[in-house]
Amino acid sequence: MMTESQRALSGTRLIDLTDARAIYGAKLLSDLGADTVRPIPPEGDPLANRGPIDKQSGESLWYAFHTTSRRLFHMSNSSKSRRQLQSLCEHANVIVLNDGHPFESFLDLANVRDSNPGLVIVECTSFGNTGPWKDYLAPDLVAGALGGSVAITGDEDTPPLKPFGDVNFAVSGAYVAVAALAALRHSRQTGKGQLVRVSVHECIASCLEHVFMWYLYNDVFRHAKGKALERRGSLHWSNLYQVMQAKNGHIMVTPTPSLDNQLVWLIEENAFEDLLDPEYQEPNARGRWARRMMEVLRSWVATKDVESLFYEAQEHHAPFGWVHDIPQVADNPQLAGRDWWSSLEVSGNSVKSTGSPYSHSDTPAEAGGIEHLSAESEGIIDAIGWGN
Amino acid sequence: MRPLQGVRVLDFTHVLAGPFCTRVLADMGADVVKVNSETRAQINAPIGPYFTLWNRNKRTIALDMAQDEARKIAFDLALRADVVIDNFSMGVLERWGMGYVDVSNQNKSVIYVQMSGMGSGGPWSNFVTYAPTIHALSGLTYTTGVPGRRDIGLGYSYNDHQAGLHAAVAVLSAIEAREHTGKGQRIDISQFEVAVNLLGPTFLNYFANGEGIEPCGNDQPYDEIGPHGCYRCAGPASNDVLGERWIAIACLNDSQWEALRACMGNPEWSRDEVFATSGGRYQNRRELDERLSAWTKDLDAWELMQMLQAAGVPAGVVQDGVDLMELDPQLIEKKFIRRIEEPHPTMGSTYADKLPIDFEHTPCDLYERSRTLGEDNVQILADWLGVDQKSVIQGEEDGYLR
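Chains as they are written, first to last, in this note's numbering: chain A, 32 to 419; chain B, 11 to 412.
Hints in this document: simulated from the structure, not taken from any laboratory.
One or more of the hints may lead you astray.
Claimed, not checked - A short list of chain B residues far from chain A (calculated; beta carbon distances all over 10 Å):
hint	residue
1	Val34
2	Arg90
3	Gly109
4	Arg160
5	Glu203
6	Cys273
7	Glu283
8	Asp310
9	Glu352
Claimed, not checked - Partial list, derived from the structure: chain A residues whose beta carbon lies under 10 Å from chain B:
hint	residue
10	Leu138
11	Lys193
12	Met244
13	Gly379
14	Ser384
Said to hold, decoys possible - Covered by chain B, according to a simulated footprint, are these stretches of chain A (three or more residues, beta-carbon under 8 Å):
hint	stretch
15	87-99
16	111-123
17	155-163
We put the CB at the ideal spot given by N, CA and C, even for glycine.
The shape of chain B in the complex, shown without the other chains (with noise of 0.2 Å):
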């Protein structure tokens, strides 16, 4: 038994931060239903990497929701389900007669999730948004990078997965509540306010001592600590591309700063009393990265990395995607990433990468693969509806469940 055994939800989410959230409570064993369509293909159609990687775990059925019948069924499954979920732009679900107020007055303990890039409401509230979008407007993408540019930000869609797991959260509690009053409830989330909230304290500084705050690469940004950054490194580069080898070397305080000394065989210029205190080390930390860029630059990554942790130092080889999938002892022991048994009708083998949570008692060690446009429609319906087989089959041939 999974701890969300018996939970039901109808999800109409589509590319990365909502299929992320249904992916967390599919794993942890919720019978989450993905609703899809032939005549919504793009990014949301079950085929290719992209889809599969988020949607395992999880049964599809096809409704074509221009039609008057789809819509029927999809209410028919939102008054038997636990969360209903979407993340298009405001106000989807409400032209097809499934908005809250709909659902809640004949399924009082739903838990009706909207995830918008912008949320409900506001002057923004139908902008169209991705995750780069968000991470440019919320200030992630101007604060990561170097002083003197503001066009570098993260790279990789991050907030889509902080969404995402913002939105499990979200649903969880909403669960606990319902626990108490039996009742359900609506969720707003505004894409856009989680990632500004991931930047609180940055905030408050704004806010209470009138600072913004400047690109500063590796410096920690408020606290004089150091060093604090990558290093180049010789050794062999996984990464074709640039052929680079790094280590992030990180001292939070005096003695990581001196067992990093001792290290280094305590060269003469890091007995200046400038790198004394990390006040200093932060004050000076250019040169100290010149010194210890001068250091690495000839050693093997994955060896100081060795000599470092053991002597006390926090520091890691910079992995890239190669790495982790080969040389990583963690997620290797971990199994962190399994070939699914069951080919893809189509794609053959297709692969998950394990929930980061291990349960004592419940293991969601379960990884079922994505499931092809309607495949599940029979067995959906069956379940949730009670409908026979053979009504599903003139469904689809009428072409709504499809």
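Just chain A, with the same shape it has in the complex (with noise of 0.2 Å):
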């Protein structure tokens, strides 16, 4: 059931109308403590059968996980369920919505924007609404080869790869929380709402770190082979962070932010190789040092105790991090440490889940249940409270 403690957006009554590329955002609004109806139709919910499942039930994890803090307001066909669902909208702060959603043949948003003129509408969409792909069908992994998130992952000896999970979309998502969330600021303030689009093309676009510097400023990095950097495995753009074996397991080895550093501690160490000598004293010579560094990085680490070199790193400042498979970090010690794990419930059963991705110390964001709502019901307006 919903929480009755103050969160941050408690008050803000909310309508659900994503898919997979939104829904992650809703989920971010809810758990912050939005008063969120996600009206599921007659056919059910399409996303209610996304693996992972719970072998015990059958239930959808994935789902779980998405659709947390939310009343489900299973539709009919009927023609008073369909008022209902006008009515919730007449009476919600925020709308969030992808295109295509299973209500648009009869929801009229135009109606709805005139008798709540404070709402506000957050419309994700993976193009936009105008230009040649407007219609694309995009899911994940295609999201992410047209958006830039592809190409620059995989190895030279791999195709190109789409990050684990719904990276993509999260981005999107992460996004489309936080339009939803400025636009109620200023409706708040001014008590005029507004339609809000967030493409996800751009949205994923927008966080490919170095690849529109890569090609923007070329002439600045003189190591560049082209304006577009190639996708080789864990090594970063600088050059200088990459996954590295060691004896035990890989670690991603990262000298910065002072190489000096480093090369202290492989003095320390003994195993410096020729590091010192002078012809990297030389001008123009950092680069060829800095390279030469990590072939030496990636001899010293094959001998290294993969956790022992990880704590020793973090006692040197240095930002090296053990690559950890899933067992390992659900053991991690500061996760436990900052007892961050939730638990959500699956079919009745409480499972262990991921916590918050923040913590408000006033107001905290907390993974709630989920309620049902029959859409044939007497009066949801008023027995949810959104009649005041």
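With the hints as a guide, bring the two chains together.
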């Protein structure tokens, strides 16, 4: 059931008409306390069967994660059901939706906006509302391919790779939440709602770190081979971070922010090889020296126990990262030390789950449970307290 | 008017995660005052493309926080801020006398955001991290790869962007809460926890079913669908290093598979009953990938994408930076990359990628160049603290405003 504690968005009424492209944003808003209603079409939620699946109950764990803190409003094909949805929208503060949602054929958002002038509508589309690709189909892999994240992930001897999970849609989801809250603030101040459009394609392109920099400022990067950097495994665009093989595991080796401090550490370990050679003191030799540093590090790391190296690096203020698999993350001492994990109810069973991605001191976010509403029930608006 | 007009942000962030948060807020109209200094140069220095990309639309003040006068000014600015934000390791602002308790005692409405790598408290609280560190520790590096490899991971600092976006969500939600309570609050963001949360369904699967996950390339890890991958094509490549051209194809259901078959001319192999269902295609996905690759290898990726999309098959060219800049009709139409009108004093032409949010009534299409060290000292101190220009110039000469 919904938690009763005061949360940041308590009192904000949200209608969630999202699919996979924006549902993460609806989750963020809901877990922050928005009173969220997600209408479910008569044939069922199109997202409800996505894996992973709980083996005990057959329920979708993907769906359980993404639909926390919500009232699921089960629609029928009746006119009463449709009127109730229309009315819910008229009483909402925010509607987040994707184009092609199951209620497009009868939900009259123009009328809703007329009767609810403070309403914020955030519409998330794959490519925007105009242009030759506006009707293109783009699940996460295709969105990442066209958006630019796939081309820079993978290695020379692999195909371009999609980052694991719904990584691309998590970006558009986060932007949807940002857009909704910014427009909500404006609406609170002026009484004027608005339509806000978010393009998944632009969202992905806006989060590519070096890609546009590489093109636009190519003359600055003396080691650049072209205006587009190839996929090259874990080697960072700066050439200074890379996952390396230790004796018994892998570790992301990041000798910055101070290569000189890394050199001192290698000297302490008598593993500096030729890094003190005078040739590297010559003007313009810094790049060569840094590349040689990475080679020396590869040899040195291969002799080290991965766990010890990770902690030694942190003692040296070097941001090395031990490559953890899922069970290792689940046992992570920092997450345990912050009492971070939470739990979700899946088919009546409590399952350990991820915690909130932020901690508010006074209005903590919390993934609440699901409440089921029938659209055939009388007086939904009053029943859920939206008539006040 | 932009939607965050009137929101004041005092910005101690550096590198990417923090600046990306404040960039989003600045794009939407917040008055973001970024604190730099000559003595904290390195990557936070307001020079070069990297800084330029993440710090448009902000103003800069130079404060040498080693000096008492600078710390006093910073504290006074914090008292007039709606939001104070940093992404240092834990404890830096406290050492400057600007911890949450110090500031909130006098500014009850302040929203005070600390977005460190590991968050406040816990045995790793003081660990230093970059996005690749976070990727490694969170499982993102492990899971993004191909079977047998655990050294690939994401090819860019994805989590820096996500931490920035989540911080923006947190800030805006606290602003909304303040509308009702009149009170600010502290927000503690662990960039590590942001990343782990993004793998939420995978962890639910681990805890509910006891199953980890191995890297699986472009396969869907949990849904039995196919084909779902990247396939080599012919045609010119913009990337002159690898010189390859690829297309991604993702059939989510049988009707999309049938459409793909039709586009291929219904070859005999595709009529094999093992490919008739999603489950069958998934079970035989390596053979399917080989068959598809044999078909795509002589085809132009752009033409193929158009044909497949017209038939209702999700497909997209794997676009690199040159493609995005020069060929992508959507980004070109939206003027996604813009040359900033005012030249930068040292860099000349600089550029902005547009905020991917289009507001109907509060458009956010103003992009101003990043500022040089202390360039806005006079204006900021006049606007926020009412300090006169002569005093500011004196402070610059004395060194604490540098």
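Hints and how they fare:
1. Some Cβ of chain A comes within 10 Å of the Cβ of valine 34 of chain B; the nearest lies about 6 Å off, and the non-interface call is violated.
2. The non-interface label for arginine 90 of chain B is consistent with chain A: the shortest C-beta to C-beta separation is roughly 19 Å, beyond 10 Å.
3. With a closest Cβ-Cβ approach of about 13 Å to chain A, glycine 109 of chain B is found to remain outside the 10 Å limit, as its non-interface label requires.
4. Consistency note on arginine 160 of chain B: stated as away from chain A, yet its beta-carbon is not over 10 Å from all of that chain's, at 5 Å minimum.
5. The non-interface label for glutamate 203 of chain B is inconsistent with chain A: the shortest C-beta to C-beta separation is roughly 6 Å, within 10 Å.
6. For cysteine 273 of chain B, the non-interface assignment is confirmed: its Cβ lies about 14 Å from the closest Cβ of chain A, beyond the 10 Å cut-off.
7. Every C-beta of chain A lies more than 10 Å from that of glutamate 283 of chain B, the closest at about 23 Å, which supports listing it as non-interface.
8. Distance to chain A confirms aspartate 310 of chain B as a non-interface residue, since its nearest Cβ pair spans about 16 Å, more than 10 Å.
9. Every Cβ of chain A is farther than 10 Å from the Cβ of glutamate 352 of chain B; the closest lies at roughly 16 Å, confirming the non-interface assignment.
10. With 10 Å as the threshold, the beta carbon of leucine 138 of chain A stays out of range of chain B, its nearest partner Cβ sitting at about 19 Å, so the hint is violated.
11. Proximity of lysine 193 of chain A to chain B holds as hinted, the smallest CB-CB distance being about 5 Å (cut-off 10 Å).
12. Satisfaction of the interface hint for methionine 244 of chain A is found here, the shortest Cβ-Cβ separation to chain B being roughly 5 Å, below the 10 Å cut-off.
13. Violation of the interface hint for glycine 379 of chain A is found here, the shortest Cβ-Cβ separation to chain B being roughly 13 Å, above the 10 Å cut-off.
14. Taking 10 Å as the C-beta contact cut-off toward chain B, the hint placing serine 384 of chain A at the interface holds, the least distance being around 6 Å.
15. Coverage of the stretch 87-99 of chain A by chain B holds [criterion: at least 3 residues with CB-CB distance below 8 Å; count 6].
16. With 0 residues having a beta carbon nearer than 8 Å to a beta carbon of chain B, the stretch 111-123 of chain A misses the requirement of three or more and the stated coverage is violated.
17. Taking a C-beta to C-beta cut-off of 8 Å, the stretch 155-163 of chain A contributes 5 residues in contact with chain B, enough for the three needed, and the coverage statement holds.
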